[in-house]
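Undergrad: Same order as they appear, the protein sequences are chains A and B. Under this note's numbering, the first residue of the first sequence is numbered 50, with each subsequent residue one higher. Under this note's numbering, the first residue of the second sequence is numbered 50, with each subsequent residue one higher.
Take these hints with a grain of salt, some might be off.
Since copy identity is lost for identical chains, a pair holds within one copy or between any two.
[Claimed, not checked] As a list, the in silico DSS-like pairs of lysine-lysine whose alpha-carbon atoms are at most 25 Å apart:
{"#": "1", "residue 1": "Lys86", "residue 2": "Lys132"}
{"#": "2", "residue 1": "Lys119", "residue 2": "Lys132"}
{"#": "3", "residue 1": "Lys143", "residue 2": "Lys119"}
{"#": "4", "residue 1": "Lys143", "residue 2": "Lys86"}
{"#": "5", "residue 1": "Lys113", "residue 2": "Lys143"}
{"#": "6", "residue 1": "Lys116", "residue 2": "Lys143"}
It is worth saying that the hints were derived from the structure and are not from the lab.
2 protein chains.
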Amino acid sequence: MKSFDIHAIDEIIHGRLRLGIMAYLIGAGSADFNTLKQHLETTDGNLSVHLRKLEDARYVSIEKSFKDRKPRTEVRLTDEGRKAFISYLDSLTKLISQ
Amino acid sequence: MKSFDIHAIDEIIHGRLRLGIMAYLIGAGSADFNTLKQHLETTDGNLSVHLRKLEDARYVSIEKSFKDRKPRTEVRLTDEGRKAFISYLDSLTKLISQ
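Only chain A is shown next, with the shape it has when bound in the complex (with noise of 0.2 Å):
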């Protein structure tokens, strides 16, 4: 039997900026883009690449509106985001703790 699951590891959340998005959602539930793009320090390009595919994923649900007639995103942990996240540490804490 085998004891060592690397493939256990979610690709989609495991991603650094990916990782660094879930784990600020897991405790805020959501965010607006630029607080985001702020606490990652990252580029407008690079977080809404990697905000799509957590989208795709279905991890974050993604809303734009307009605040003071300035447009505004804002980013949502979903329920199957949550479940995706706890479901990743549980992997990467096994992988580690062998």
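Dock chain B against chain A, hints included.
TA: Chain B in isolation, oriented as in the chain A frame:
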């Protein structure tokens, strides 16, 4: 001040297969190529590529020899690799426990 530094996560270790290699070696100290290949369920080519990256970073040392006329490749965690892995775990823990 920023409490959230994804850039502190060592990308050399963070790659899933390399993380699997490092996690195995932190426990075992050393392993031969075939043992690693079996544990990580990967191919010769893939394992070689990632071992080379870890060797270039001086996180592992690789020694080729013959045993019973068969080539044998021994992979050993270096002191530097051990320190880097501990530091990686530390950064990861900080990131996910915000």
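Undergrad: Hint by hint, note whether the structure agrees.
TA: Evaluated hints:
1. Lys86 / Lys132: within (24 Å within a copy, 30 Å between copies)
2. Lys119 / Lys132: Neither, since 33 Å and 47 Å both go past 25 Å.
3. Lys143 / Lys119: neither (45 Å within a copy, 34 Å between copies)
4. Lys143 / Lys86: Result: close only across copies, 19 Å inter versus 31 Å intra.
5. Lys113 / Lys143: neither (38 Å within a copy, 31 Å between copies)
6. Lys116 / Lys143: neither (44 Å within a copy, 33 Å between copies)
Against the hints set out earlier in the document, violations occur for numbers 2, 3, 5 and 6.
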